[in-house]
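Asks: The listed protein sequences correspond, in order, to chains A and B. So the first sequence is numbered by our numbering: it starts at 1 and just counts up by one. So the second sequence is numbered by our numbering: it starts at 1 and just counts up by one.
No lab work stands behind these hints: they were computed from the structure. These figures come from a predicted structure and were not determined experimentally. There could be a bad hint or two in this list.
Because identical chains cannot be distinguished in the list, a pair is counted as satisfied if it fits within a single copy or across any two copies.
[Said to hold, decoys possible] Straight-line alpha carbon distances no greater than 16 Å define the calculated EDC-like cross-link-like pairs of lysine to aspartate or glutamate that follow:
hint, residue 1, residue 2
1, K193, E118
2, K59, D253
3, K70, E114
4, K6, E98
2 protein chains.
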Amino acid sequence: MNEVIKMVHGDGGTHTQQLIHQLFYKYFNNPLLLQGQDAADFSVEEGRLAFTTDSFVVKPLFFPGGNIGKLAVCGTINDLVVSGAQPRYLSSSFIIEEGFSRQLLEEIVKSMEEVCLESGVNIIAGDTKVVEKGSVDGVFINTSGIGTIIDNYRMKSIEAGDVIIVTGGIGEHGTIIAIELATVLHEFTSFCKLGIHLIEDQIPIKSGVSVVNNLLGLDPLYMACEGRMVIVVKESEAQKILKSIQTIDLGKDARIIGTFVEEQNSTIFMENYFGGKRIVSALEGSMLPRIC
Amino acid sequence: MNEVIKMVHGDGGTHTQQLIHQLFYKYFNNPLLLQGQDAADFSVEEGRLAFTTDSFVVKPLFFPGGNIGKLAVCGTINDLVVSGAQPRYLSSSFIIEEGFSRQLLEEIVKSMEEVCLESGVNIIAGDTKVVEKGSVDGVFINTSGIGTIIDNYRMKSIEAGDVIIVTGGIGEHGTIIAIELATVLHEFTSFCKLGIHLIEDQIPIKSGVSVVNNLLGLDPLYMACEGRMVIVVKESEAQKILKSIQTIDLGKDARIIGTFVEEQNSTIFMENYFGGKRIVSALEGSMLPRIC
Numbered sequence: 001m002n003e004v005i006k007m008v009h010g011d012g013g014t015h016t017q018q019l020i021h022q023l024f025y026k027y028f029n030n031p032l033l034l035q036g037q038d039a040a041d042f043s044v045e046e047g048r049l050a051f052t053t054d055s056f057v058v059k060p061l062f063f064p065g066g067n068i069g070k071l072a073v074c075g076t077i078n079d080l081v082v083s084g085a086q087p088r089y090l091s092s093s094f095i096i097e098e099g100f101s102r103q104l105l106e107e108i109v110k111s112m113e114e115v116c117l118e119s120g121v122n123i124i125a126g127d128t129k130v131v132e133k134g135s136v137d138g139v140f141i142n143t144s145g146i147g148t149i150i151d152n153y154r155m156k157s158i159e160a161g162d163v164i165i166v167t168g169g170i171g172e173h174g175t176i177i178a179i180e181l182a183t184v185l186h187e188f189t190s191f192c193k194l195g196i197h198l199i200e201d202q203i204p205i206k207s208g209v210s211v212v213n214n215l216l217g218l219d220p221l222y223m224a225c226e227g228r229m230v231i232v233v234k235e236s237e238a239q240k241i242l243k244s245i246q247t248i249d250l251g252k253d254a255r256i257i258g259t260f261v262e263e264q265n266s267t268i269f270m271e272n273y274f275g276g277k278r279i280v281s282a283l284e285g286s287m288l289p290r291i292c
Numbered sequence: 001m002n003e004v005i006k007m008v009h010g011d012g013g014t015h016t017q018q019l020i021h022q023l024f025y026k027y028f029n030n031p032l033l034l035q036g037q038d039a040a041d042f043s044v045e046e047g048r049l050a051f052t053t054d055s056f057v058v059k060p061l062f063f064p065g066g067n068i069g070k071l072a073v074c075g076t077i078n079d080l081v082v083s084g085a086q087p088r089y090l091s092s093s094f095i096i097e098e099g100f101s102r103q104l105l106e107e108i109v110k111s112m113e114e115v116c117l118e119s120g121v122n123i124i125a126g127d128t129k130v131v132e133k134g135s136v137d138g139v140f141i142n143t144s145g146i147g148t149i150i151d152n153y154r155m156k157s158i159e160a161g162d163v164i165i166v167t168g169g170i171g172e173h174g175t176i177i178a179i180e181l182a183t184v185l186h187e188f189t190s191f192c193k194l195g196i197h198l199i200e201d202q203i204p205i206k207s208g209v210s211v212v213n214n215l216l217g218l219d220p221l222y223m224a225c226e227g228r229m230v231i232v233v234k235e236s237e238a239q240k241i242l243k244s245i246q247t248i249d250l251g252k253d254a255r256i257i258g259t260f261v262e263e264q265n266s267t268i269f270m271e272n273y274f275g276g277k278r279i280v281s282a283l284e285g286s287m288l289p290r291i292c
């Protein structure tokens, strides 16, 4: 039960083959991966594909609600979805520290496959490296992904008057994983050269989150909201889309939080209950470590 | 000139954006990457694609003839080519140790783009992570690649009587990078369930390589031959293909080194000048560290 990963598991010889067959093929069990060639091959129809990559270096490797493997697959699927693509194929590349627990590695791999099954994607290409103890912290995972583009979302096509929907409460994942609302909104404005007018009262923040943030002096706009999606829609469609999102359990707290506006400096400002406005600036340095 | 990479370069905020624009976009300068979205999108025609991934953890990062970046791009292009694909698109994902030299990072990135330009491929997706000092050795790079399959090479379609060509001298890169002839041949036999009959005299080994190996007690069959390709062809075509390879400067030492044979245990044996035979077994443990 105390089996560990050794350097020979990464040397490309018989031990590597054993690890691949006994562990990775056991879970990532699909015919395209099992071709076992230098590259997987798959058929495509004429159209557009999305391609993305992400390396995951999270500490700790296991955290409430998941582990680095689940996060990697979810993160890459997310990058495809928000690009208007249906996720299809992933690669997974492991860099493993010598001495890492084989059992923990299996838990990670198993949880990756669980997300793949839920999402209808397959891991069809992989790589395994083992590095000397101390050369890496436990396990790093890269997942790259290919999806079929079903609609062309383009940040540059955003216009003044378009409405911003967030699909749930923000800041709730702050102590675990971090990509925050402020950075997402700044990505939008840097593309579309518009400003944003946020309505503070409309931003869904659970009271528990507010209390903790007030205690710690953190701003929820700069706190994690992994698992939330920010969607920009035409004003005429906004209510219909909002209601549709709210019918899903995970979307019941969705709200319209603001509007894109003509603004020379692409400023994001937030209006509070009393009509006061403050500027939401871009993140400089991290409030909490970033992991994906 | 002594600029270094800091944790803020990986936090996804303004410093990350600066690094991406000033360094990665400067070299990986193609419209698909410059879309700057969560996933690149590109058009495909109906057909088959190849997809591969590889993480590179080589030490030292710079070595005679190249660096980790050049190796990563070459390695991934190689995996596509040997799968019968024309390499088209790559992703590159960097995990960088805090304090790493910005100038060395630029050299790595620059050499990646040089190989891309030579090979007609584009890096269209990327990711940058920075980890605390000591969490990684300098830089690790993952490259994943997509190619258009132009011919379907299948190891399972190898038949007895097929001839093995190696495109140049073996063992010459042993002290630098290592994937060796023996492992490659064992990959073939495990797929096609045939044995291999190698002719020792025909295997191109430079005299310098032989001398060093004899001194160190290393077997050149288990030494690196990165940059060499092992090709299996029908006997009737072998001479024509060999001559064609020999017209290229890098292929002038190409030789036919053996033949696939019906053999119950898929044994690889090598016949020497005197008719003596020895078994070439699969690699157990590393003679030298593996890096790709």
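Asks: The structure should be examined with respect to each hint, and the outcome stated for every one.
Replies: These are the hints, each one checked on the structure:
| no. | hint | in the structure |
| --- | --- | --- |
| 1 | K193 with E118 | neither (37 Å within a copy, 36 Å between copies) |
| 2 | K59 with D253 | neither (29 Å within a copy, 50 Å between copies) |
| 3 | K70 with E114 | within (8 Å within a copy, 35 Å between copies) |
| 4 | K6 with E98 | within (5 Å within a copy, 27 Å between copies) |
Hint violations for this structure: numbers 1 and 2, all remaining hints satisfied.
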